[in-house]
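S.K.: Residue numbers (this note's numbering), protein chains in the order written: chain A, 1 to 410; chain B, 1 to 318.
Quick caveat, the hints were computed from the structure, so don't treat them as lab data. Hints should not be assumed to be uniformly reliable.
[Stated by the list, open to error] Covered stretches of chain B, as calculated for chain A (at least 3 residues, CB under 8 Å):
#1 68 to 79
#2 155 to 167
#3 252 to 259
Note that beta-carbon positions come from the ideal geometry of N, C-alpha and C, so glycine has one too.
So the chains spell out like this:
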Amino acid sequence: MHNVTKSMIGSLLALSLTGAAAAQAEETLRFATWDTDESLAIQQAIAKKFEEMHPGVKVQVEPYADGYDQKLAAAFGAGNPPDVMYMWNFPQYYTSLMPLDDLIARDAAEIKPDDFPQGLMNTTRVEGKTYGMPSGFTTQVVFYNKEMFAKAGVEEPKDGWTWDDLRAKAAKFRDEANKVYGFAVDAKPDPYDFEQFLWSNGTKYISDDGKEIDGYMNSDAAAQVLDMFADMARTQEAVTLNLGDDTSGATLFKGGKIAMFQSAMWSKAGIDAAGFSYGVAPLPKFGARVAHSALGVSAISIAKDAAHPDLAWEFVKFFSSPEAVAMRTNDLPVRTSVAEEKGMTKDPIYKPFFDILATSNTETHAYLKNANWGKIQDNLARAIEATMIDQGNAKAHLDDAVARSKRLLK
Amino acid sequence: MDMAYAGTKAGVARRKRVTAGRHMAPYLFISPWILGFLFFTLGPLMFSLTMSFYDWPVVGERTFVGLDNYRSMFTEDPQFWESLWITVKFAAIYVPFNIVMSFLLALMLHHVTFASGFFRTAFYLPSVISGVALVTIWSWIYSKEYGLLNFMLSLVGIDGPNWLGDPNLAIVAIIIASLWGLGGTMLILLTGLKAIPKELYEAATVSGVPGWAQMLFITLPMLGPMLIFTFITSIISAFQQLTIALLLTKGGPLGSTYFFAMYIYDNAFKYFDMGYAAAGSWVMFVIVLALSLLVMRWSAAWVYYEGEIRQTDGERNA
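Bound conformation, chain B alone (with noise of 0.2 Å):
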């Protein structure tokens, strides 16, 4: 009797050590992007926090200033608010875009059976030119008086515009200019659509489903988990938007692409004044979280996970 008990004693702790081990081994595999992230994101997080309280230039005395930074930024400073409305409109124009013009370009791919390798490549190749090289083709692309686009234009008898030097202008250029990265939006897309099982489509058209319907009631809801993704990761790109502004138009012209990382990067590397930029670089992540969340608890209405209903199943087996 007492011996059998220690026995099952003994096995349950094996047993138990078994599971622990079982339990380690994808915290090991990840760990060296926790860690990663742990000192190299989460503790400059939190020291740019502690900045944000106080005065602190590169060199010289720093002093705490408490919510000193935030009241000047929201009550003293027209350029936050001036930078905050720029990046706004922008994300207002860019996300939507981005997002139905990557389905459409992801939605023509798979359904192109010529020479789809080809242009799989042809489409995503924009988005692999890194930022510096972009601008540089851009502001060919834009110059008033010798720029490719303008000529074009010319050819059809339109005298183009001063794209970049037009206040009004400038941020529709560097609008179309962002949008010439999507070839990953569209990628992502490209993969969900793959990914939806082509019976579904076969039981629609037997049941006489017409083609929009198929889209409405089958590929969308499918692509949710995708699209909300897509939605989410572009929102954050759009307020981060700096490169292409800092690079092809300075934040000019008159301030007009002043946007609201160049103003946090301004204040931080031209004006060295960290306290003040760790404080705006805060401002802008409780925007993009909020705007985040806010856009995750929409999404519970209308996104279908599939994971959620084999969860579910399992918990009725259990």
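One chain only, chain A, in its complex shape (with noise of 0.2 Å):
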């Protein structure tokens, strides 16, 4: 009993000693992220070719996982924030985050800003101000199944197809006996993609001062776009998920149920593991209009009171370097130049990403308009729910949504 007390108190006093060797000999950088698995992996290892390029330096990788919000908002609360983090909310943050503008101009020759493409940096601005550089994207495709396609005869999407050939294409697949259908439609869409939709459609959630709903979220275009879906779910042109029933409409796709599947780069490893040929079609059109697409982005920031915060920018610079948006192959190269040099412009199954991408520069999401957007979107979340329920009646619901939210305008 006396020994192991002795060995114990040893072994911490040897632990302490080498923590204290350590801390002279580093400086420790944290670098919080959401990532998991293999996306974590990549990051572990630009992490570690960073720590190899500056001696003396550990990057400190934090996955908070799916608590990432939380815990992060406890992290800045409790006045302990990493140095540097992945971000997307910038309007909940970015009082206590670092703007970049300044950095970014001093060492423009080195990061080229002009590589970025103009939509994804919109999406790290608040009151034009730039609080974060892009790390990884993905815009919104259509799957689809090009051994159904062939089966049963109909002929593959096109590139500016419409949502009326869609719902064509779409109606043909219908099997009631085998739950085979065309196409999805999802009554618990994320509202942060389904603005794409009212984009092209030629309308927004809300107006660009960040004031005005009423007329936007509810206007007939939108309403337009949502009876659309349910009419679909209606005449079963497409299965609806989200109904009670959380089978994921991946899986559908993945499993052969489904002919078409909208979705976006996350989805496309588990339909490459799939093992069945497939293509990639751009978001369908409202008629004429241009087709709009969400923009996903991934950005990493760094905190205002971080404690190094030199070291931080250097690691946001090779964060976004060639080299290191290179290997980051989960998602999609933030970078023209590397997106160009790995031929994904010109690739068949990436290609539509791409292209849609030039497209939508011009629209900014909703939540960078009003730091209500969160309290606001669900009671369009539910809005979206109530028509998919009902099968129709989407003006009234757009309606009642907008009547909820007149607090929150203020």
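Assemble the dimeric complex from its two separately framed chains, guided by the hints.
M.R.: Structure representation (structure tokens):
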């Protein structure tokens, strides 16, 4: 017993000594991420490279995973934020983040800001200042099962196709007995992504000054979009997801139960693994209007009170360098030069992702326009769900969502 | 005379010291809980009261707004009233069911003589399962296409409903899932039943009192304190219902299971509006407190505590 205690004290001492020595030799940069699995492994590899280039620096990768927002908020609330962190919710955090414009301008020769598509840079800007560097992105596309199309004798989607085209094709796959359908509509879509359909139909959730939703969110153009999806559910051109059953669209698509599936880069690896031949089509257009896509962007930011601000900026620069961007194979490269070098802008699978990026730089996501958007969005989500359950009446449900959100616009 | 007087005085002092020591001991024994309560409950409690008067984001400036959070909640926020109403509805169904069913189960277990240990374990076991695992089990049971419940219904020719997808049914589904954990209440009532002296029933039987009257005039009154305890704890747990709704329905469909606790949770950890969430918590606290006081006041009329009589006896003797 005595010996055990002794050796424990000994090892504790040894531990604290090595700890002290390490602290002297190394600067530790804290980097928080929401990624897990392979994406996390890639980030750890990038961090390792950075450590090799900066002897004496240790990058502590902190994977907060699903609890990211809660843990990050707690870290900021406690006055102990990580130096560098993944960021999407800029309106929530920007007052505690370091503006990067001066640094970007200073190191422009090295960074080449023009290599980043404008649409992506728009998502990291609040009140005219840039608070993050994009590190990965995805746009939305339609995956389709080539084998199912061939078997049913349906012509594959083409560039410039419309929602009417999609509906006509989808109708041909309807097979109630085997529960096979042409497409899937979601009763609980992420309102963030859903705004792309309003943009594509010539409207938006909220005015550009962030003060008005009446006449936007509940406009006829918005109701038309919602009613169209509800109608696709009613006519069974599409199966409805998330109505008391959480089987995902990805599961149905991979299982050959739906012929077309609207999703983004995050579904690609799973579809590859499903082992059938598939194609990627752009988002359909509403009539003659240009199609817009939502931009899913992960960016990295620096805390205003970072313990090592200079080192943090070095890390952000490296994370945005062509070398690191090329390493991130789990989402799409944020540098045009890297995308071109990898031949992705010409590859039939990847091309639709980049094509629509070019036409998606004129609109700003609603959460960047109003600080209360999170709450307004929940009222909107309920209106979408109500329309899908009702299989119609979009206008009434959207009006209700606008009325409920009045107090949040002050 | 002087000496004797001094002696008496010292004696009194010593006796006082002894009594003081004897009085201190119980407080020392409960001090870990008292201290824990002061630091980890009362402290945060008071802190949250302060917070409720502020516009308090997690990140950024906090501003004093007085009663504005409460005003906005009561006059401008339809969700507040909807969530409150959903919670009241839930409590009104859950609490009576919880107590009556626990009581019936406890009665059965009390009278069962065959393999009583097995049955006791079997009935209590479900309440050991932790929240998340419980919800996973129920989501399989309720699934429209592949669920156990609808499969059973299909065996008797009923086309099962969409339990979690129908705004009218989802709250029923949550009530059923919540009743799963009534083993705890059952155990308390069973202990109460075991503690009722057999002589009372023997005397009643000898006097020819029928079974139902024994239940009404012996079992229920003797169980009074236990019933009132479970009544109050059930009300509190009904108002705090969060885990099952959060994981099973996420408040939906169409907000039909958006409980008051979830409303508070979302304000705090989804919208990061800590002041508004704290104000909501205080409204909940006041409601639960008022209900508990009401139940206690009302119960004084019919709950019989053995201890009360003993105390009166003691006072009379003194």
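S.K.: Does the structure break any of the earlier hints, and which numbers would those be?
M.R.: Hints that this structure does not satisfy do not exist here, as all of them hold.
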